[in-house]
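Participant: Chains A and B are the protein sequences, given in the same order. Quick note: the first sequence uses this note's numbering, first residue 1, plus one each step. Quick note: the second sequence uses this note's numbering, first residue 500, plus one each step.
It should be emphasised that the hints constitute simulated quantities derived from the structure, not laboratory data. Yeah, the Cβ is synthetic: ideal placement off N, Cα and C, and Gly gets one too. Do not take every clue at face value.
Said to hold, decoys possible - Pairwise CB distance ranges, derived in the manner of DEER restraints:
id, chain 1, residue 1, chain 2, residue 2, range
1, A, Leu17, B, Ser917, 51 to 59 Å
2, B, Gln779, A, His33, 25 to 33 Å
3, A, Leu17, B, Gln779, 46 to 54 Å
4, B, Gln912, A, Thr288, 26 to 34 Å
5, B, Thr515, A, Arg185, 37 to 45 Å
6, A, Pro379, B, Asp574, 48 to 56 Å
7, A, Phe15, B, Lys868, 48 to 56 Å
8, A, Pro379, B, Arg931, 22 to 30 Å
9, A, Asp280, B, Gly1065, 41 to 49 Å
10, A, Lys233, B, His1013, 53 to 61 Å
11, A, Thr287, B, Gly879, 38 to 46 Å
12, B, Gln779, A, Thr287, 54 to 62 Å
13, B, Arg931, A, Phe15, 41 to 49 Å
As the list claims (entries may be wrong) - Interface residues of chain A toward chain B, partial, derived using beta-carbon atoms under 10 Å:
id, residue
14, Gln183
15, Met356
16, Glu357
17, Ile359
18, Gln360
19, Ala361
20, Ala362
21, Ala364
22, Gly366
23, Arg371
24, His376
25, Pro379
26, Asn380
27, Lys461
28, Leu463
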Amino acid sequence: MPFTPVILWTDALVFLLVFLMSAFIWYMRGNEHLLAPWRRVGHSASGMSALTVLVFFIIVGLLDTLHFRPALEQKNSHGETIYSVEVLSVLDLLLTPLRTNVEKTYSAPLATHLYAKETFSLPDGNQIRAFARLEYGGSHLADPDTEHRSDINLRIAKGIGLGLLLWIILHTLLCLNMARRTQQRFTRCVQSVWRRTTEIPWYAILITLGVILVAVGILSMLAGHYHVLGTDKVGQDVFYLSLKSIRVALIIGTLTTLIMLPFALLLGITAGYFRGWIDDVIQYTYTTLNSIPSVLLIAATILMMQVYIETHAEYFETIAERADVRLLCLCIILGITSWTSLCRLLRGETLKLREMEYIQAAHAFGVSHWRIISRHILPNVMHIVLIATVMDFSGLVLAEAVLSYVGVGVDPSMISFGTMINAARLEMAREPMVWWTLLSAFGFMFILVLSANLFADAVQKALDPRVKTRTPNSASAQENNPAPIPASASASSPANKSI
Amino acid sequence: MSALLEINNLRTILHTGKLPVRAIDGLALKLNRGETFALLGESGCGKSMTALSIMRLLPDAGEILSGSISLNGVDLLRLPESAMRQVRGKQISMIFQEPMLSLNPVMTIAEQLAEVLTQHFRLNKPAAQKRILQLLDQVGIPDAKRRMHEYAFQFSGGMKQRAMIAMALAGEPELLIADEPTTALDVTIQAQVLDLMREIQRQNHMAILLITHDLGVVSEMAQHVAVMYAGEIVEQSPRVHFFDHPAHPYAQQLFAALPDKKKRNQELAVISGTVPSLTQSFSGCRFSDRCHYAMPRCHDTVPQWRHISPAHKVRCHLYDPPSALIHVTRAPEVTPVPVMPVAQEQKPEPLLQVSGLKVHFPIHKGFFKRIVGQIKAVDGVSLHIAAGKTLALVGESGCGKTTVGKSILQLIQPTAGSVRYHQQELVGMERRRLRPLRSQLQFVFQDPYSSLNPRMRIIEILQEGMNALNAAPEFTAGTLAQTSAAPVFSHDTAVDALLQYVGLPKEAKWRYPHEFSGGQRQRIAIARALAVNPRLLICDEPTSALDVSVQAQILNLLKSLQSSLGLAYLFITHNISVVEYLADEIAVMYLGRIVEQGLTDEVISKPGHPYTQALLSAVPQIGKTSATDMIKLKGDIPSPASPPTGCHFHPRCPMAMPVCRQIYPEASTLSATHITHCHLYSQEHRSNHHEH
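This is chain B alone, in the form it adopts within the complex (with noise of 0.2 Å):
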């Protein structure tokens, strides 16, 4: 069988600063019909710029300097723009990763489709309604005859992504370029979205070209996988092979530097450096500098391809043909750092105690903004963190977990409930009261780039935490008896231990944000929360911005301060995999309220409540092939506004029962630090309740 897509030699750079980017260097692969393919690398090395190239849509700067890339055996590279507009939707389509940002938002999806249509097919109107709405019904859209006259901003995250992929088959393409599809997408979104994938190319016997940064979608989808690194494509393998024994060093490092229940106890496997400037040329392996087992041939030979089986080939000096025992005898990843488990007394009270807390945000309307509503975007949740203990509020966006970080922290009002920190009350406390006690409680946000003023250097922006609340980290103190004999604490020279904390220069200190890379962003914003001395970091979804190997040197640090500092760490976030890594404790989240609490390993092994088990089964994972045994959850988190009567999840519930629509359940304990809210538990409070 010939191949559907044949990419050769394929150069593609970018004029963009004063030397052209060589975004991609001499790319070739082979994409045959009714397979997927799997382009994986971090941000930077070249996958959107490929699929970009194939499409012909290169940003004005881009061009395309040699090779071919050919569809059923025409050089797309030589066709006019104007044949190229028919192979483009028709041939080849493609979704993109922002759905939101994909739709036009004052055109209804179906006249977005309809577009597509007459674009390729002479239809008169009837049939390309008849058309549309089959091509809705076939992605899954529920009631589609009355939805496809909707705007964009009335279909959820979920829909929307949808409805790209329904227009991208509007032109029945041979070969579908899905770039990050989900990665904008919650878990079980994202399941729905993969099956619908898959369960799309059986049916038409499409082909995929699938772009992701993440291994567990890899694992899921594809049946061939490359993987790209600054430009090129460094191993070529089937699936099976792939993962199963990962033979370029940046593949293996890759896996060591995921997250994972077994290497709670160690460090994470980090890739030191960054991806290369792609502006230079390169004279040797690319990754050499950042490898481990770099050898002084990587860094004056370019690696040729090896084959290790007939379909898995690898670019890297260690499987050429005098050093093959390299291959058989390899040496173990990475050392496995053991982080002594922190050796703490338990304490009998906890740090920080939540009960009750709600938070509701008024629907104003009309002239006089009159109050029609309450969005519930917290409603009543209960939590406590022991001191130096990890708890993790776990669940989908939009459920309120971050609104329940920020009314811990005062920094929005809560509603009702109290949060009391070492038995003082916050909730309603004054101000001027408040400030002494913010030093005990900081914040680290989701997304480093916004998260730092970018007209403040990183001293000012360190210091500025320090001088409102007159307070500088006490671990200075120790660090500068270690460094310099002067005793002298400034909040200068505190600066300069932070940063050195967190493993930046000194001279950071001077420059501004925009001058960092992501994750050295991250740890400036550590930095800054650590400056005056918190005993509790709320971290909301810190990670979640950054790339895998990123990630894990955030991780690391995170657990390294804990150990040292002894922090309590709230940490929200969608992400189980880092919830098994560092997690002790567990608390499930859904539409505002806890729906289960736990110890980590009763909650991931033995989940109860049918949510969490949902949850827990739609994560993708390695080494998982098709997900047979995946519960999939049907729709979407209904809108805070107005929550379901009884359980809140009994519209998604696949063990929905009569009586969860009418009450919502008690908490039902499953051991003595396993609690869940459903009703196919014991209602120990039930009666209670009832005289109520």
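In isolation and in its complexed conformation, chain A is listed as follows (with noise of 0.2 Å):
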């Protein structure tokens, strides 16, 4: 075998969570009704161009997460294979030049030539000071003067055509599907695409998906023989490392939810509904967790898990196993102190709940707590969750950021958000400023958490059932008569006919 898979702690439950998920949907397509709110999301424009911008980035993710140690060429003594101690992703074998293109230090975007002055001794013994040529950016370019922008435009418009190329084609695609599924030609499909009568908005996702293209497009013919996000100090490429930091962005944001989730839910509603000792308990337990100062919290956990770490470096084979146990126990203690405040507000509101009448209905019918909990009051805050999730997984990135920079973070080694936004901070002062490296990291975190917050309004609106969110073309008949049902008076009711 040319190598041999590894499979890190994160990796594993990113596997189960993926596994949960298509697991949650299997069982929701034998389910009409509950079918039907999902197929609500779809109506929502943005939400649709917020999940086509979100699939791009789990996809991402998903490579990256798929991990394995390639074989060297040397066999050991036994004539068998040896596995290199590198751990490696699928991404990373996809971006592979990227990977080991790596400069002296710093370059600016799209350079042929290193940032800073550097002296060389010329052959007479003379030194200048001049900036040196990168040694892979616009290295296959003879006269970087004159070549470097034509050869950049010509690069960018072929890339461009690429996007395009890749975007009619899944159009074409999409429409040929259609047209299958409805029995239409092919051309009413298109056109009811883009006049907007589709009962999921295509016309926004084909946008989304082409602006996408278009930009993948012309990365990928740039990527080849530029840096297009410049390098950093060491040289490495930014546009990889934010490539790479989206993984752990999106690791930190969803695993370290997961493990807040059951705290904030059970708490908070336990608290709320129950009342009593049992509310003092559980609301004596988060002021006193609240009141500790976090980060020292955070501080203190991370290091006593260094030293552990540190003292049984035979428990780990290579340094990613390393660093992503590192990065799973960032996010128990990240998990463990920041479900106060979601459970403050849940409980709230399930002291509002519990007085409603249908709550009290429920009780005069005997239901039991577990069952009012889970039926009446658990739908009734998932908003809340939903929001506060979606919330918390921006400021959750952040926090790694800020962690990094105490030094209490993820492992140095490990590429993410935080260690970019870390080691351009310095650089910020400098002049000329280094200015990419906190660029291409606030970028990329933007898109990300606010096409995830576009994407949970969407989702929070179609799961209530009292808005409606079809659009106006395809509900103007539904809209005039919200109750068709009539009232009937009593008098043709069946309990008259008994009498």
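Two chains, two separate frames, one set of hints: put the complex together.
Facilitator: Written out as structure tokens, the structure reads:
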């Protein structure tokens, strides 16, 4: 075998998450009434555009989760294959030139020369200070001064062409599929997409997809020969770093939420529902936890963990495994310290809900406490959970950056937005300023968090049965008559006939 | 005399959905000085929009398309906003339905009044204070000098509405718009507020535009009545004419839908359907779809104004010249469908027996939550209900009616006393052992909007009880036998049968509660209670959130369910006319205790307790002009945390005697079925009491 698969702890959890999601979707497919609200997510143009962007992030994240150790060329004395100590992911493999093309130090985006002057010794013994050519960036150009701009323009044009080509192929496939399903002519389908009469706003998805594909096309054309987003202090490609950071951001965002949710849901709802001494205990617990500065708690835990890792180096075969365990720890500790605010919100909402008359009615039926919580209270606080977790998602990605700054974040060897920002912060003060590392981290995080927010917004609207989500074109007949059932007079009700 | 306010052809639309809603469509009215003009109609007819259009305070989505509103000959719609601000509060003021929401909680009453005064008059501080005191005295706030510096939360509901009126009067307006001013208040407080409004109108010679859905209030207050339906006025008349001969079929049907003692053994007339959506343009009469007299012409020709008498005009094709005959030989309103009196044997033992029920809520204070007092919400209530009978529990808000209902179901743990159902003691029973009994006693809540979980479909709502109690409605077996041959009994078919029973189509089960109107929701709530086959339904003001015509539907449903299923009801309400229509017995509650109990006829016709007398006389009644014989109660219900010594009612009682301040009266028997707790009657247990 040319490689051996490696499953890190976080990988396993991500696979579990993917598996649970698939199982959930499989279960939903069988139940039309459970599926209906999710169908309505598809009615929101902004939500679907956000989902398209998210899908790209998730694909990058998942590719980066498939880890392996490549085989080395030499074999050991027993003739067995030796595997490299370096753990790579499928994403690394795809981005190989980016990963391996390491320059000496800083270079600006799309540059052909380094960002700082260097001292050269001329053959005649004189020394001059000049901008050195980059080893890889623009190395195919014979005369960068004259060819540089035209080469970039040419490649951008090629990239746009490639992106558009891909887009047209996908568009055609979509419309062909629609034509096959609805038994309509192909042109009719194209028309209905662009007249916005389809149930799912395909036009919004296609526009987003078009923008993404053109961007992907341009980047793929340029990235082979230039450092599109420049290089960092040790000459690594910033574009590569940004793509690698996506996985860490997604993992911190999702795993932490998963760890925090059971605490917040269980404790918050129990406190609000049962009140009395249970409420007191839970309230004191989270008030106490809240009053300890969470950075201190995190720092203490991470440092303890670090000592443990260092004293038990034999447990970890590779550096990647060590870094991964530290990431998992960070997720857990962040989860444990961040449930309090959601818990407080849920307690308040539950206090309000438990006095609602439908809960009283359930009590009158002798419905068990557990069922009241799961059937009546949980669905009615879900919107808060959804909003809070997505808001937390961005907060957690930022917290990771802050913690890395303090030195208690992810392992320094692990590429993340936090380590990128941390590395970039000093360079902001330097003249001329190195702005691209920070800007790239900022841009990627911004797009990720914004699309997550927009998508959560659409989901929250769709899951609330009181909100109408259909587009005006497709629901003109229904709006006039919100309650088409006639309030039939009881003169016609069977109650009378049976007298 | 020229009219004070004249509205012509007013059209207001609301841009809420895709199509504009024509909230007011060609409204015209005239209001003279010193006159009370009532705008009557069900919810959603555009009454409040009219008021807001006059004030030019429409919501952002609203727009006045055309028309004129002239006050003293000045068209308000042409005034610039700055001039309009001088009109609001100075010439026109408004009082709103919810006094709790209309006052700013962080300003004292005096500060809020001063705000109005400084806006319209240049008064220095002492003068303003003097004027505030004068205003509060005028609206009858006791000890105004001290209370003017209190905050809104320190005022009771009636006091808040008085303060609101004082604020409205501060600008010395010529026109007062009162938008459902007493709907949120209790009857005795309502009587006080209406009385106050009449008094002030006489003093200030002010015109009142009264917006209400309550025919009784209109009858007591108004000189002129206009009936509004679907954005337009359909009938306009002086009060006397209107109440003697309502001309429009809508008005007639509203009258027929009112519950009343005389209609006890018949069904109430209902107005089928709902107010039509105002997004459409009407080609015929707006009421034609719900009208009993609808003719082909009604559907395609818009009716014009017809004068029945000089001041009485109506918009209805029935009064078109060719068919004037119909006017004279008007068909009887609605053929009353007699409901058979329930021919049930009187069971000797009552279904439910409550004795000495007490529910006290402790008041905690301080860090260690020491108990510093008790709120005695229910303080020794005894009552019993026989199978198939209705007991009405009547009282003002805050007297503990709802707590009684909930503690019978053990939703609130009683502090003391016993609740026996079929000789089984419910108080203190284990949760597990109580469960089988839960199916026997069910609850119908007041607000159909909060009693159904918005995230559950109707089928899930209805099946919840069946699944939890493993019970199913008995009657479905019978219904099923008729409708289908399938003997297979499942919860699914039970849901269909239940929906049919309460008059909803089967398809309704796949929907969510928000897709239904208030009346339909209340039907669903009743169906949910019926799902577990109860013997006793506790109905907590089930119709108070509904319009008159919908209320009639629900009352009919309850009545027919009682006669077909033999249900017993504990009917908790403050609406006396509903009680007269529905109840067999009445228990009147005041501050946690029952003060009078007896058969409906006895209590209504010969009320013994002064509180019952006052309560009954405070109910606005149609045909009763101004309340001359009304017994006016002073003040509000005292706090149940510190009830007055002796008889709880003595501070408000017009007939209080010295003994009332010291000893709580024992029961006095007025007849075999009629008892009251009052010192006016001989105290049979008194000697007994002293021995203790």
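Participant: Please test the hint of 48 to 56 Å on the beta carbon pair from Phe15 (chain A) and Lys868 (chain B).
Facilitator: Holds, at about 50 Å.
Participant: Classify the hint on His376 (chain A) as holds or violated, based on whether any CB of chain B lies nearer than 10 Å to its CB.
Facilitator: Holds: closest Cβ of chain B sits about 5 Å from His376 (chain A), inside 10 Å.
Participant: Could you see if the CB distance from Leu17 (chain A) to Ser917 (chain B) stays within 51 to 59 Å?
Facilitator: The hint (51 to 59 Å, Cβ to Cβ) holds, given that Leu17 (chain A) and Ser917 (chain B) are roughly 56 Å apart.
Participant: Should the interface hint for Ala362 (chain A) be scored as holding, given a Cβ-Cβ cut-off of 10 Å against chain B?
Facilitator: 7 Å, holds
Participant: Note whether the CB distance of Pro379 (chain A) and Asp574 (chain B) lies within 48 to 56 Å or breaks it.
Facilitator: With a Cβ separation near 53 Å, Pro379 (chain A) and Asp574 (chain B) satisfy 48 to 56 Å, so the hint holds.
Participant: Can the suggested window of 37 to 45 Å be confirmed for the beta-carbon pair Thr515 (chain B) and Arg185 (chain A)?
Facilitator: Because 39 Å falls inside the window, the suggested range holds.
Participant: Please check whether Pro379 (chain A) passes as an interface residue: C-beta within 10 Å of a C-beta belonging to chain B.
Facilitator: 4 Å, holds
Participant: Can the hint on Ala364 (chain A) be confirmed by a CB-to-CB distance to chain B that is less than 10 Å?
Facilitator: 5 Å, holds
Participant: State, for the Cβ atoms of Gln912 (chain B) and Thr288 (chain A), whether the hinted interval 26 to 34 Å holds or is violated.
Facilitator: 32 Å, holds
Participant: Given the hint of 38 to 46 Å, check if Thr287 (chain A) and Gly879 (chain B) actually sit that far apart at their C-beta atoms.
Facilitator: 41 Å, holds
Participant: Lying within 22 to 30 Å: is that true of the beta-carbon distance Pro379 (chain A) to Arg931 (chain B)?
Facilitator: 27 Å, holds
Participant: Could you tell me whether the CB distance from Gln779 (chain B) to His33 (chain A) stays inside 25 to 33 Å?
Facilitator: 32 Å, holds
Hint check: violations occur at hints 14 and 27; the rest are consistent with the structure.
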